[in-house]
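From first to last, the protein sequence lines are chains U and C.
Under the working numbering, the first residue of the first sequence is numbered 93, with each subsequent residue one higher.
Under the working numbering, the first residue of the second sequence is numbered 93, with each subsequent residue one higher.
Accuracy of the hints is not assured; some may be wrong.
Copies of the same chain look alike in the list, so a pair counts if it works inside one copy or between any two.
[Said to hold, decoys possible] With a straight-line cut-off of 30 Å between C-alpha atoms, the simulated DSSO-like cross-links for lysine-lysine are:
1) Lys114 with Lys248
2) Lys162 with Lys122
3) Lys99 with Lys248
4) Lys99 with Lys162
No lab work stands behind these hints, which were simulated from the structure alone.
None of the values given here were measured: they were computed from a predicted structure.
There are 2 protein chains.
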Amino acid sequence: MYIDQVKQFATILGNLDGCLVKAVAYAERKPFDVSVLLNARLFPDMFPLSRQVQAACDAAKFAAARSSGKEAPKHPDTETTVDELRARIRSVVEFLGTFDAADFEGAATRLVPLGFFPGKALLGADYFTRLATPNFYVHATTAYDILRHNGVDVGKADFIGHQLPLRDL
Amino acid sequence: MYIDQVKQFATILGNLDGCLVKAVAYAERKPFDVSVLLNARLFPDMFPLSRQVQAACDAAKFAAARSSGKEAPKHPDTETTVDELRARIRSVVEFLGTFDAADFEGAATRLVPLGFFPGKALLGADYFTRLATPNFYVHATTAYDILRHNGVDVGKADFIGHQLPLRDL
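Please work from the sequences and hints to get the whole structure.
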């Protein structure tokens, strides 16, 4: 299931990219400067949209890297435009695409050190399900919520995706 | 990993319950009627807080029930107070607590019918990772975002939890 979830992070990041495209069209139509949206927050001490996207990207890439023992690509959080944020998303989606199921053999029992808590670690299964996955979804959803809150015409299907592999019953 | 994720849904619902407790204290302190918060939305065509909590509860209970072939308890969405929402959360957390790993044997390849799309189904693995889990997190996170947006003093650690099972390196 690790590889399924890593692919799912890529899917949601791609969907978030689609929401950003809609945000640009909305800003042009009104019109207003789309950077206002990138700096929009739901509350003064929350991250703005741009930082929510960066944080979702980081959560996904570190979930994959730390659960597999691979090195994550570096992203210094310098994005200030939609195009740069979209390039950041593309870079992470590409990185996630390099993984296959074999990369996560033993992931559940691997000890994952916590950068924000020196000397401490989580068991891989706990890290992935209890920290990395909710951390990813908190930031990805809040990015989406900021767009909705500001009137961008996106809905839950844009976030979850329109391409679910349906089967006949 | 199904059982881990089902336990995780219960954890996040418990954390959301803690956020509701903080919301009540905040409303009493200001003071304002906490039902204003329950009816708060991030945008007119989004669910209010109460419905976000109900939807997160449903996503979690259906994820567990449909992936295991068990019957989910019924909840007719009649909650109008924080106490009733907290009881709803308790009921779902209790239900999630009845599952163990054996309940999810074969879950990945089970066909899960989609109520909103008659005649169609998803493979269990797709249902769980690509629909149920993001659906849960979208509603749980948006509930949290509505609280933050309205000034309730909660942070990401309240959402993800303060009780991660840390290990020494």
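So, against the hints stated earlier in the document, which numbers end up violated here? Hint 2 alone not satisfied by this model.
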